[in-house]
Amino acid sequence: MKPVRIITAPALPLDRSDVDTDQIIPSDWLKRVERTGFEQGLFSEWREDPGFVLNDSRFAEARILVAGPNFGTGSSREHAVWAIQQYGFEAVISPRFGDIFRNNSAKNGLVPVQVDEEVARSLLDAVTGDPSVEITVDVEHLTVSAPAIGLRAGFPLDGAVQHRLLEGLDDIGLTLRHTDAIDVFEAARPTWMPSLAG
Numbered sequence: 044m045k046p047v048r049i050i051t052a053p054a055l056p057l058d059r060s061d062v063d064t065d066q067i068i069p070s071d072w073l074k075r076v077e078r079t080g081f082e083q084g085l086f087s088e089w090r091e092d093p094g095f096v097l098n099d100s101r102f103a104e105a106r107i108l109v110a111g112p113n114f115g116t117g118s119s120r121e122h123a124v125w126a127i128q129q130y131g132f133e134a135v136i137s138p139r140f141g142d143i144f145r146n147n148s149a150k151n152g153l154v155p156v157q158v159d160e161e162v163a164r165s166l167l168d169a170v171t172g173d174p175s176v177e178i179t180v181d182v183e184h185l186t187v188s189a190p191a192i193g194l195r196a197g198f199p200l201d202g203a204v205q206h207r208l209l210e211g212l213d214d215i216g217l218t219l220r221h222t223d224a225i226d227v228f229e230a231a232r233p234t235w236m237p238s239l240a241g
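Residue numbers (this note's numbering): 44 to 241.
Do not take every clue at face value.
Unchecked claim - What follows is a set of in silico ranges between Cβ atoms, one per label pair, in the way DEER data are often shown:
| no. | residue 1 | residue 2 | range |
| --- | --- | --- | --- |
| 1 | 45 | 222 | 16 to 22 Å |
| 2 | 191 | 112 | 46 to 52 Å |
| 3 | 70 | 238 | 26 to 32 Å |
| 4 | 232 | 90 | 49 to 55 Å |
| 5 | 131 | 172 | 41 to 47 Å |
| 6 | 78 | 118 | 15 to 21 Å |
| 7 | 142 | 78 | 21 to 27 Å |
| 8 | 94 | 237 | 25 to 31 Å |
| 9 | 93 | 65 | 17 to 23 Å |
| 10 | 232 | 179 | 46 to 52 Å |
| 11 | 119 | 202 | 55 to 61 Å |
| 12 | 173 | 65 | 46 to 52 Å |
| 13 | 222 | 131 | 29 to 35 Å |
In short, the hints are calculated from the structure, not lab data. Ideal Cβ placement from N, Cα and C applies to all residues, glycine included.
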């Protein structure tokens, strides 16, 4: 996964609360065996409504999703994160996230930006009123800002998650950082035991 340090981009306002993973990517899409093409299923049931915000061409360049509270609740569905990323979003801002969604986001390089409800409301209102408003998510300094409206706020991120995002490390990448130690361990194992080799 690619490192994430600073994201500066327009945003899409999803002014809904309690958005669960089934609404993000309906279960019909879970039958796919490949890990691509999920952007077409992102909010697919809501997108049937021509007035749904994802159908609004003014937000076509958005790379940050600003949502209401309790985003990503419900079942464990990594596909929800894949759909959001494959659509082009690099960060999601919300006052609260489902725990599993937040963990899946971090493991896949999607930045979960948790802010106070007042900050989220200010961002939602600003972007809804002017789609050209840009938001900056700074993973290194753990800040979110929107200079056009004079907003700057911090957001929490576990140190290990921040490190993963800054270095672009998924679970495999984290493991491969210990290749030398793994090789030493494997070389010392008795030959009759199972091995990673061959």
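Each hint, compared with the structure:
Restraint check, residue 45 to residue 222: a C-beta distance of roughly 21 Å satisfies the suggested window 16 to 22 Å. Take residue 191 and residue 112: their Cβ atoms lie about 24 Å apart, and the range 46 to 52 Å is violated. For the pair residue 70 and residue 238, the beta carbons lie near 40 Å from each other, so the given range of 26 to 32 Å is not met. Take residue 232 and residue 90: their Cβ atoms lie about 53 Å apart, and the range 49 to 55 Å holds.
Residue 131 and residue 172 have their C-beta atoms about 22 Å apart, which leaves the hinted 41 to 47 Å range violated. At roughly 18 Å, the beta-carbon separation of residue 78 and residue 118 lies within the given 15 to 21 Å, and the hint holds. One distance hint, 21 to 27 Å for the beta-carbon pair residue 142 and residue 78, holds here, with the actual separation near 23 Å. Hint check: residue 94 to residue 237, Cβ distance near 58 Å, so the stated range 25 to 31 Å is violated.
For the hinted restraint 17 to 23 Å between residue 93 and residue 65, the CB-CB distance of approximately 22 Å keeps it satisfied. At roughly 49 Å, the beta carbons of residue 232 and residue 179 sit within the given window of 46 to 52 Å. In this structure the supplied range 55 to 61 Å is violated for residue 119 paired with residue 202, their Cβ-Cβ distance being about 24 Å. As the Cβ distance of residue 173 to residue 65 is approximately 32 Å, the hint placing it in 46 to 52 Å is violated.
At about 33 Å, the beta-carbon gap between residue 222 and residue 131 stays in the expected band of 29 to 35 Å.
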